[in-house]
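Chain by chain, the residues run as shown.
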Amino acid sequence: MKLNRRIVMAAAALGLLASASTAAMADIKFGVAAEPYAPYSSKDASGKWVGWEIDLMNALCAQMNEKCELVEVAWDGIIPALTSKQIDVIWSSMSITDERKKTIDFSDMYYNTPSNLIGQKDGDTNISPEHLKGKVVGVQVSTTHERYAQKYFAAAGAEVKTYSTQDEANNDLAAGRVDYVQADSTALDAFLKSDQGKQCCELKGTVPDDISVLGMGVGAGVRKEDTALKEKINAAIAELAKQKKFAEITVNYPELQGILVTPENK
Amino acid sequence: MSFDVFKLIVKSLVVLLLVALLTGIIYWLLKVSQWSWMATYYPLLIRGLWLTLLLWVFSCVLGMILAIPIGLVQVTGPRWLAAIARGFCTVIRGTPLLLQLWLIYYGLGSLFPQLASVFPEFRQDFRWLIRLDAFWYALLAFTLSFAGYEGEIMRGAFLGVPRGELEAARSFGMSPWKVLTRVWFPRAVRLVLPTLAGEVVLQLKATPLAMTVTVMDLAGVVRNRITQDTYIVYEPLMLLAVIYMCLTFLTVWAFSYIEKKVPQKR
Amino acid sequence: MAGQPGFPEILSFGPTGYGDELLFGASVSVAIALLAYALGLIIGVIGAMSKLYGSTLTRTIMQGYTTLVRAVPELILILILYYAGTATLNQLLESSGFSAIAINGFAAAVLVLGFVQGAYSTEVLRAAIQAIPVGQMEAARAYGMSPWLIFRRITLPSMLPYAIPGLANLWLIVTKDTALIAVVGYTELALATRQAAGNTKMYFTFFMAAGLVYLIITLVSQRGFAMLEKRVRRGQRKLT
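If you're matching them up, the sequences are chains D, W and X in order. All the letters of the first sequence, read from the start, carry residue numbers 5 to 270 under this note's numbering. All the letters of the second sequence, read from the start, carry residue numbers 26 to 291 under this note's numbering. All the letters of the third sequence, read from the start, carry residue numbers 36 to 275 under this note's numbering.
Keep in mind the hints are simulated off the structure, nothing from the lab. No residue lacks a Cβ here, since even glycine has one placed at the ideal position from N, Cα and C. Misleading hints may appear alongside valid ones.
Said to hold, decoys possible - Here are the in silico distance ranges between beta carbons for each label pair:
hint : chain 1 : residue 1 : chain 2 : residue 2 : range
1    : X       : 268       : D       : 48        : 23 to 31 Å
2    : D       : 105       : W       : 275       : 48 to 56 Å
3    : D       : 103       : W       : 136       : 33 to 41 Å
4    : X       : 50        : D       : 103       : 39 to 47 Å
5    : X       : 261       : D       : 48        : 12 to 20 Å
6    : W       : 79        : D       : 70        : 48 to 56 Å
7    : W       : 158       : X       : 162       : 36 to 44 Å
8    : X       : 204       : W       : 198       : 49 to 57 Å
9    : D       : 106       : W       : 63        : 14 to 22 Å
Unchecked claim - In silico EDC-like links for lysine to aspartate or glutamate, alpha-carbon gap of 16 Å or less:
hint : chain 1 : residue 1 : chain 2 : residue 2
10   : D       : 105       : W       : 254
11   : D       : 139       : W       : 158
12   : D       : 197       : D       : 128
13   : D       : 89        : X       : 129
14   : D       : 155       : W       : 29
15   : D       : 52        : X       : 55
16   : D       : 106       : W       : 29
Said to hold, decoys possible - Calculated Cβ distances over 10 Å to all of chain D for the following chain W residues:
hint : residue
17   : 39
18   : 51
19   : 89
20   : 155
21   : 258
22   : 277
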């Protein structure tokens, strides 16, 4: 039967399409959130990913002697992307928390920064939860900062608004739709130094630390069963720290100098 | 002979696959899937459902009200007005709703700081506009979208009413307004009823897009709260799919009921 | 604003402009749309044939598929299939002894959108085949034509005039649906636009520019389909 033969052929072609797209299996896939998150990772106007975390990734892969591929994924789906094996490593400024450790595993910390609050320029720097009652705090969804804001500010009567990217939260702060934005201090610093941030906003302060929500620094997320990969990344991070590679990379990012805690200077 | 064998093999393979799939799904539902989060999050889910329904119903009603003049002027209006209406329909139907939504929410938001730098009073005088909840932006975007699609359909419906009926109405001495309200419009509405059901379902299926602009509708609650808080991905999405399926079937059933109640010939 | 590049520069094609990124995004969008559309058509032909001529089993499967897919929002289907689909596939592969494959975003987008399109294509093609006068098929069979020959000579050419408007509509839908892939983080036109807008803070400019690109794609496709329809309708009476 000709018709059936054609159907079989079409099915075979489809299979080929699926398998062709799975080439380059040997590369380790590093998942980066597809959004601007300066100075750690953002796409420049020529379409290249740049930033401190990207430089570190390149150094890490050279140290591990592995070929790495950068894969863009949505931040709010980055853990499912890891568990469904679309990526092998989460390399996207993800803080190591006990809650996340229930689902995935982490390498050792590769950087750490405090969590800050910025807001409209009005000189008022009281950031106690009681003072923020009735105000709107913007955070990026699924971050440690969101957890913190929910635990302290929402509980005290503030409205917590969640955004799928940090950039959108900053944008709505500049627009005046939210009163405060809580996020990583260095990422917020980059925003405050931008034209948009300079006009509207100022630093309000660092929130009191709470390791149970804010975590123990940023690490590479890996699947629980991938212990070999985790050990390999840990060894490479330790070796890079020994070679003072972290400082070498940070030299190119003056805004991070003196603020960033790395395995070298912790 | 060989073809029959081939057919039998394919058939038994399909049955086997189906049985495996069904057992897999049942096993997953009974043994693997977790539903304990329902107890904590059902108030949020109900609020989300309420927002989804509001967005859907109001955008359909308001969009339809807008669509009537948009369709009418394309048939009888002055040339320039007809051109504007046609242009509006083309632009709405030719671009993704997601992009329209982003343009209306983030695009307009990005203009606020610029406006504020030109008119210093803007932040004070238009505080209500700046603080307008994202829901209203979504409602605006969804209304315009529905008006664009329906405007095109109403144009066809107004054209589809037989000329003889309009002439008969006019020869009875009806004023143009009376012809429109008594004959032309009711007949046109009856003509679009079958397509209207499909369009209303399409509008319902577009509502989850609102979650991308911080609206906490049903999909927003699932993706931006439940999944992020609990790291449970598939169960909430399944629930979402089931709720939308029920709403779709209800809508289709309701429209076929109305269609039967409004006979084609009277 | 001092230090910021001006309007024409920002959309230029050089290393300082985002014109080339948008164009690349647009080509990715079109490629996803084309492949998903083709996949949808293949599923559609198989689906329509099995819905019309298949056994009770295949008919039930196809009915379930088209009903389910058309009742659930595309965005939810994409979210479910993008993560659960790939996870299930890998679990199946691993449990049957193969190693897991990494399905890249592009292939996943094509497969998911194609799967959704297939349901709609099935309905469009089924309706078009049903619109063919029964006498034509009976005459062909009376001549002793094989089923494949009937499909090629009778079914395909006579159903096309009925199918083209529906298929044109599906193409316009799939080009716009590619924007939904942005939500799972694969860089096509909509996400490229959002990244560029986020970097430059010129949201309005970039969303307008991307809208224009989508509009051009739509208008060109509409023109193309109108010409195609004219060709397959040759020899038919004009519709009033």
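Quick rundown of the hints versus the structure:
no.	hint	verdict
1	X:268 / D:48: 23 to 31 Å	violated, 50 Å
2	D:105 / W:275: 48 to 56 Å	violated, 43 Å
3	D:103 / W:136: 33 to 41 Å	holds, 38 Å
4	X:50 / D:103: 39 to 47 Å	holds, 42 Å
5	X:261 / D:48: 12 to 20 Å	violated, 41 Å
6	W:79 / D:70: 48 to 56 Å	holds, 51 Å
7	W:158 / X:162: 36 to 44 Å	holds, 42 Å
8	X:204 / W:198: 49 to 57 Å	violated, 42 Å
9	D:106 / W:63: 14 to 22 Å	holds, 19 Å
10	D:105 / W:254	holds, 13 Å
11	D:139 / W:158	holds, 14 Å
12	D:197 / D:128	violated, 19 Å
13	D:89 / X:129	holds, 12 Å
14	D:155 / W:29	violated, 66 Å
15	D:52 / X:55	holds, 12 Å
16	D:106 / W:29	violated, 53 Å
17	39	holds, 13 Å
18	51	holds, 21 Å
19	89	holds, 30 Å
20	155	violated, 4 Å
21	258	violated, 5 Å
22	277	holds, 31 Å
Taken one by one, the earlier hints fail for this structure at numbers 1, 2, 5, 8, 12, 14, 16, 20 and 21, listed in ascending order.
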